[in-house]
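Chemist: If you're matching them up, the sequences are chains G and D in order. Just so you know, the working numbering puts 261 at position 261 of the first sequence, and the rest follows in order with no gaps. Heads up, the working numbering is the position in the second sequence plus 1000, with the first residue counted as 1.
Possibly wrong hints are sitting among the right ones.
Straight-line C-alpha distance at most 35 Å; calculated DSBU-like pairs for lysine-lysine [said to hold, decoys possible]:
{"id": "1", "chain 1": "D", "residue 1": "Lys-1052", "chain 2": "G", "residue 2": "Lys-66"}
{"id": "2", "chain 1": "D", "residue 1": "Lys-1151", "chain 2": "G", "residue 2": "Lys-62"}
{"id": "3", "chain 1": "D", "residue 1": "Lys-1151", "chain 2": "G", "residue 2": "Lys-290"}
Non-contacting residues of chain D with respect to chain G, defined by C-beta distances greater than 12 Å in every case (computed) [unchecked claim]:
{"id": "4", "residue": "Ala-1032"}
{"id": "5", "residue": "Ile-1090"}
{"id": "6", "residue": "Glu-1112"}
{"id": "7", "residue": "Thr-1126"}
{"id": "8", "residue": "Gly-1143"}
These are calculated hints, taken from the structure and not from any lab test. For each residue, glycine too, the CB sits at the ideal point set by N, CA and C.
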Amino acid sequence: MRRILAALLLLAFAALGLFWFVTRPTPLPADALDGLTPNLANGEQVFWAAGCAACHADAAAKGEAKLVLKGGQRFPSPFGTFVAPNISNDPAAGIGGWSALDLANAMLRGISPRGAHYYPVFPYASYTKASLQDVVDLRAFLATLPADATPSAAHEVGFPFNIRLSLGAWKFLYLDPAWVVTGDLTPEEERGRYLAEALGHCGECHTPRGALGGMERARWLAGGPVPGGKGNFPNITPAKLTWSEPDIVEYLTSGFTPDYDSAGGHMALVVENTAHLPESDRAAIAAYLKRVPPAQ
Amino acid sequence: MRKTLIAIAAAALVAAPALSENISDPEEILTARHGYMLLLANQLAPLGAMAKGEMPYDAATAARAAASLAALASVDTSMLWAPGTEEGAIEDSSALPEILSNTADREARFAELTTASHTLSAAAGTDLEGLKAAMGAVGQACGGCHKQYRKSE
């Protein structure tokens, strides 16, 4: 009897240990950014490529107002409603006090400066593929943007999803820095892959999600229902997206479809970002999309 | 001459009720609105084809299309946003109810499209680079309104 108890206790400890191991936040090493110096001009390009303003600025913002990253947009989901936080340069309400390493841990590991897990509504499952140099450059650019004192609103997420430690298990399952589209890619297609899979986080909407909210890599960019809402995100694999590469470039530049309809909804916000990229980057995204495995 | 005038006036009087009846019918208004959007798209088509390199750049064609776009964008479209033509009230409409009621904002957005189209018409006749650069603002004017007032698919 005593032996069984001891074995059970041992098992419980092992399970706890495993739980701790799986769910613990794993930040980058403290010297991860050593030797990297910021390039402000590239930081601005990273800002537009990563689409920060699409979620963190007011949805109706135009021009300079798009640079006020005060948060507040709401994102309904089956797990609750998430509210974009203030990431403006305000040291208290925003992220003005963050180091480049803080931003790198947030984007690549989904961890706050105090070591808490972020919800994956923040697309770190994509940003985890970002280059550290780009993060350093982005940090420098964000520091040039206005500060706004609007406090971040709390997420409206119920039990059990409000237990942030459980997000460690989510990351264990889904945080995968490997590229989805592999094979013999040209340098342009590789650039497009970096923009689409890492910074542009296209898959966050255009890839269907499983029951636990992870992206289904086997159905990459195959579209799916809008979480907590009506309608569908379109399939943008070559099985459905039959636009030519110049058509895709034009769409990411002006928002015009081949029929001269225009992007609406959140995609209009995406185009407001991609419009700031060099044409070569939009062409790279188009070239990449043609290499995505077709999925019905 | 006077007789002709009277005849025209009489014809106008007879025609007037029929006309107002037509434009109060939500189905007709929706058809007109979709037709209006199609007219905009038709003018954008050669401009987009040139921007994409599908059609050789031709200053005269570009300038004409852009000028037509600017003219269309400055037309008074208030009659196209009548009650009963919003999404939910009628089939095939994707206009959210807010665009019918937020008159001032709607007009501001059409004014934005007019301005962007004038800029495009000035640039489109100059060179291809100017055309490409000016297309962006036109797209933003279209998309800005669509993202707010059109139901997502």
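Chemist: None of the hints should be skipped; say for each whether it holds.
Modeler: Here is what the structure says about each hint:
1. D:Lys-1052 / G:Lys-66: holds, 28 Å
2. D:Lys-1151 / G:Lys-62: holds, 20 Å
3. D:Lys-1151 / G:Lys-290: holds, 28 Å
4. Ala-1032: holds, 18 Å
5. Ile-1090: Answer for Ile-1090 (chain D): holds, closest chain G Cβ roughly 18 Å.
6. Glu-1112: violated, 9 Å
7. Thr-1126: At about 18 Å from chain G, Thr-1126 (chain D) clears the 12 Å cut-off, so the statement holds.
8. Gly-1143: It is violated; Gly-1143 (chain D) is separated from chain G by about 4 Å at its closest Cβ, not greater than 12 Å.
Going through the hint list in order, the structure does not satisfy hints 6, 8.
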